[in-house]
Every structure is written in structure tokens, then in C-alpha cells.
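For the protein sequence lines, the chains are G and H, in the order given. Quick note on numbering: the first sequence equals residues 1 to 290 in the numbering used here. Quick note on numbering: the second sequence equals residues 1001 to 1267 in the numbering used here.
No wet-lab data here; the hints were simulated from the structure. Warning: the hint list may mix true and false statements.
With a straight-line Cα cutoff of 27 angstroms, these simulated DSS-like cross-link-like pairs (lysine-lysine) come out [as the list claims (entries may be wrong)]:
#, chain 1, residue 1, chain 2, residue 2
1, H, K1068, G, K139
2, H, K1177, G, K4
3, H, K1068, G, K20
4, G, K273, G, K221
5, G, K221, H, K1180
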Amino acid sequence: MAIKIENLDYIYMPGSPFEKKALDNINLQIDDGEFVGLIGHTGSGKSTLVQHLNGLLKPHSGNVIINGYSTDTKGEELKRLRCDVGLVFQYPEHQLFEETVYKDIAFGPQNLGLSKEEIDVRVRDAARCVGLPEDVLDKSPFDLSGGQKRRVAIAGVISMRPNVLVLDEPTAGLDPAGREAILSQIKSIYDEGNMTVILVSHSMEDVARLVKRLIVMNEGKVFADGTVEEVFSRGAELRNIGLNVPQVNILFDELVSRGMDINSNVYTVEAAKRELLAYFEKVKEGKENA
Amino acid sequence: MLKDITLGQYFPIESFLHKLDPRTKILIFILDIVIIFMAQTAVSYAVLIGFTFLLMLISRVPVKMYIKGLKPILYIIIFTAILNLFLTDGRDLPVFGYSIGITVEGAIVAVKMAVRLVLLIIASSALTYTTSPMALTDGIEKLLKPLSRIGFPSHELAMMMSIAIKFVPTLIEETDKIIKAQKARGASFDTGSIFKRAKALIPMLVPLFISAFRRADDLAIAMESRCYTGGDGRTRLREIKFTRTDLIGALAFLVIFAGVIAIDIVF
Ligand SMILES: Nc1ncnc2c1ncn2[C@@H]1O[C@H](COP(=O)(O)OP(=O)(O)O)[C@@H](O)[C@H]1O
Ligand SMILES: [Mg+2]
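Given only the sequences and the hints, what does the whole structure look like? Please build it.
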């Protein structure tokens, strides 16, 4: 399921005094099975871009092509597109409406016209995917904690078994523990191996240790696109557009500039620990040899 | 799209009308309504139509915006015109030599009503395009102030109005977002029978109500924690003032209105 975006422009409220060009000549290609982080300052156009992927917004000019089909369609084809590309909105828990968690997760599959048995399988599978225990399924979604509500909402999209899963700021407004839990769940969903995952975030630290490829947006344009290392190597430029490279990376840059012989391409605490331990090991050996 | 609703939207530019005191504009608006419904002769209508064009001109809001504001009301105007055309008693008005139940009086009333409605909508658009919601409610509060002596809750009323007006865009945005989120889950709001469509609204309405109540709760707490206790002793950041411009504006409009009444009496 390749995603191809060509010369995409999008303007909000064209012709009014509130006109706003939210996307400006976007060109991207995302292949099957990629794990992509889409980052950028608030208002840089991330949400606008991802809403083009399942045809919720139509390009003003340019094309969005999913698996060979343009998103500018109607009817059955649009419905297929919506189930091909699952989009989890920002604060998805605000869309919950059913009496029970089970029914809410089943809403998507029901709209696809699946059989009762198939729906049951999918609901339970989606709940497991996001780490919801079975006994929550019969509760009202409104009785759950914020983090759990969000899991229910994510499960509501996963139950449609999309080929591409897009999550718009899935960790916004959660406490550090909740954030951690959601992120590792997303990682394990990706590791199960049958979805392309696009993770939208304005937090570098969150995405850096999960994804392989980073796309950075700024003022409606693609500012950078490449591997995590490639993108973070432009640290100064990123700071200019209001983004921060992970703190460990800043620390490592500083250490290198003070003459420590270590690799500065370190973006997670885990990698930092490994790098430092190796370094100290080396220093110790050096002393013993001397 | 929901976003295209323009009636009641402020158009932030600068013009003579924008500068007027909201009280002046509200009073002129009320007077305008009264005159529109009092006017009887073709000449006075001509003057009123001219006045309305003048309003559009000095508001410096594009005519396109006024037409956009008329669109949602178009069906109501056509509907009333047709009703008047057929349901008014009087002399028969044949169309191409055939009598189809239309009367001369009916035709006159139909045209009159249509013109009145269009003038009304344009006047109210002119008011809301040139007056920010905050200024509008401030103006209403000030105008109703004398009534608070006899226990009329003028401040509370104005506060309720301004909160309601302020939350309209928020709720429209929220509705838009919820509709999109449910569409992303395969929901469809515009296919199937009427019964099916009504049922399809549930996934939209439940989250919308929940969020509206949550917002109301949050707002109440936020206001209380900033010691809001009602209107007594409250001062404001921006005092509205009646200036010379207002006097000139008000006098000019009064002359026009007096002219319309005079025309009606003379003819
Ligand atoms: N529904 C809308 N109407 C008008 N302008 C919008 C709307 N949604 C977003 N915008 C504007 O478009 C720009 C991009 O917004 P968005 O895609 O939401 O950015 P992000 O998700 O990166 O924070 C912003 O300047 C925002 O103000
Ligand atoms: Mg966003």
C-alpha cells in the first residue's frame, strides 16, 4: 500500500479574509510497512496533511494517490479508502458515544457491513492490540480513565484492520506513564507487521526512538525527510523552526565538543547508556594498559 | 460546509460603520426594522433600498459576503412569496391570459414581503459584519441597563448572550471534527433513508453534547475561580463611548428615516 503525494496544496476558507494556506506543494512517497514519524511545530500542517490520506480533505491542487487510486472519489470507493487508511484523530476519546466499550469498538467494523462473528473477533483482537483487558469491554467508555478512553478510541480504528494506521498526536495530554504505555503499544502494533504506521507528533523525544524515518513539516512545507540520524544532524536548523532535538543528543554534542571520544549520533537514553558504558570501559582498559 | 455559515459573523476591517458605537448601530438597526415594516409606498421602498445599498457601501464589506448571507434564507423568501401570491384575496391576475389563482394584491404583497425580508437580512448582516460579538453584547447590556433598576437582569442576559455567541465557532469546529472522526470510522451521514440518516446522527450528537457540557463546566469553574459574581461593580477593559462620529451617523440615519415616514404621509 504505497502512499504517493504529488504537488499537494490545501487552503482553508479560500476567498475569505481568514484564508490560510495550510499545505504548500507537498511531495512525499511512503512505502508498505514503513514506520514514519511526522513532526512539526503546532500549526505546521500535520493534521491537515494526514486528513488527506483517507479523503476527509480533498486537495485544492495536486494529487494524493493511495495504492494507485486517487483519494478524490465518492461512494463505495471512498468507503474502501476509509477502511484502507485508518485515521486516529487528536484527542480521539472525544468521539466515543456508545453505551459500552465493546459497541464503540464495533462501530467501524459494523459500518463495513461485516458479520457478527467477524465483528466479535475483530473487537477482541483490537482490544488486545491496545492492551485493554476483557472485562473493560462491557463498561461504559465514559467511566474509564483518560488513557484507557484513548485506547478504546484507537482500538475503534484498529478494529477496521486498516493497511495504513495514522495516529495524530496519540500522546497529547497524557501523563508520562500513559504516554509511555501508548507509545510502546503502538510500537508493538507495528511490530506485528501488517500495517504501515504514521505517527504524528510535535515531540521529538517521543518519535525518535520508535520510527525509522522522520518527516519534518514547517509552515505547510516538508522541511526535512530522512532517517532519524539524517534529520537530527540538522539540529541547529530544527531549533530555528521551533523544534528540539532530544535532550540526550544535546548533551552528547556538548560532551564531544569538550573532547570526549564518543559517537554523537545518539537520540535515546537507552543508546546513550550503551555508548557511555562502552566509553568508560574503553577508558578503564586504557588506564590498565598504561 | 458548516464553516460557510456567514450570518452573524464579524468581518474585521475598518470602516465608518465599524467605528460607530454599538449602541448607535443597534438603535439604527431597530429603527430600520420598524421603518421597513411601516413603509407603504413604492417611493419609500425605493428610499429604503437606496439606504440599504448605502449601508453595504460604507461598511466596505464585499457585496459577495452579503449575498452569501442571503443564500440560506432564499428558500424562506421564495416560500413566503409563493404563499402570498396564491393566498391573498383580491382581483384576479391572469398570466398569459389564463387565470391560475394569482391576484393583483397577492403579487403586490409577495413583492413587498420579499423586499422586506431581503432588506432585513442585509441590515442585520451589516450590523454583525461591522460589530464584533463582544461589542454587540456590550451595547445591548448598556442599552438595557436602565431596566436593571426594576430588577431586569441586563448584565446576566448580556453575559449569557456573549458566551453563547463566543461558543458558536467553537461548537461548529467541534462538530466538524467529530463528523470527520466518525467518517474515518466508516460512518456516513448523507446516505440511506431518512430514518437511517436520523440514526446516523447519534454518533455525532452524543459526543457533541458531552463536549458542550464539559466546556460549560470548565468555563463556570474558570469564571468562579476568577471571582466572577455577576455584574455589580464590574469594570471593563474597553469602555464604549458615544462620540461625535456617532452623533453625525445617528443624525444622518434619522434624517433618512424621517424622510421615509414623510414620504408615506404625503403620498
Ligand atoms: N478547520 C480549519 N479552518 C481554518 N484554518 C485551519 C483549520 N484547521 C487548521 N487550520 C489552520 O491551518 C494551519 C495548519 O493546521 P494543522 O494542520 O492543524 O497543524 P498541526 O496539526 O501541525 O498543528 C494552522 O495555521 C491552522 O490555524
Ligand atoms: Mg494537529
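Structure-based check of all given hints:
For the hint linking H:K1068 to G:K139, the alpha-carbon distance of about 47 angstroms lies beyond 27 angstroms, and the restraint is violated. Taking the CA atoms of H:K1177 and G:K4, the gap is about 25 angstroms. The hint holds against a cut of 27 angstroms. Restraint check for H:K1068 and G:K20: the C-alpha separation of about 20 angstroms stays at or below 27 angstroms, so the hint holds. Distance restraint check for G:K273 and G:K221: the Cα-Cα separation of roughly 35 angstroms exceeds the 27 angstroms cut-off, and the hinted pair is therefore not satisfied.
Taken as a hint, the G:K221 and H:K1180 pair is honoured in the structure, with Cα atoms around 23 angstroms apart against an allowance of 27 angstroms.
When the structure is compared with the earlier hints, violations turn up for hints 1, 4 and for no others.
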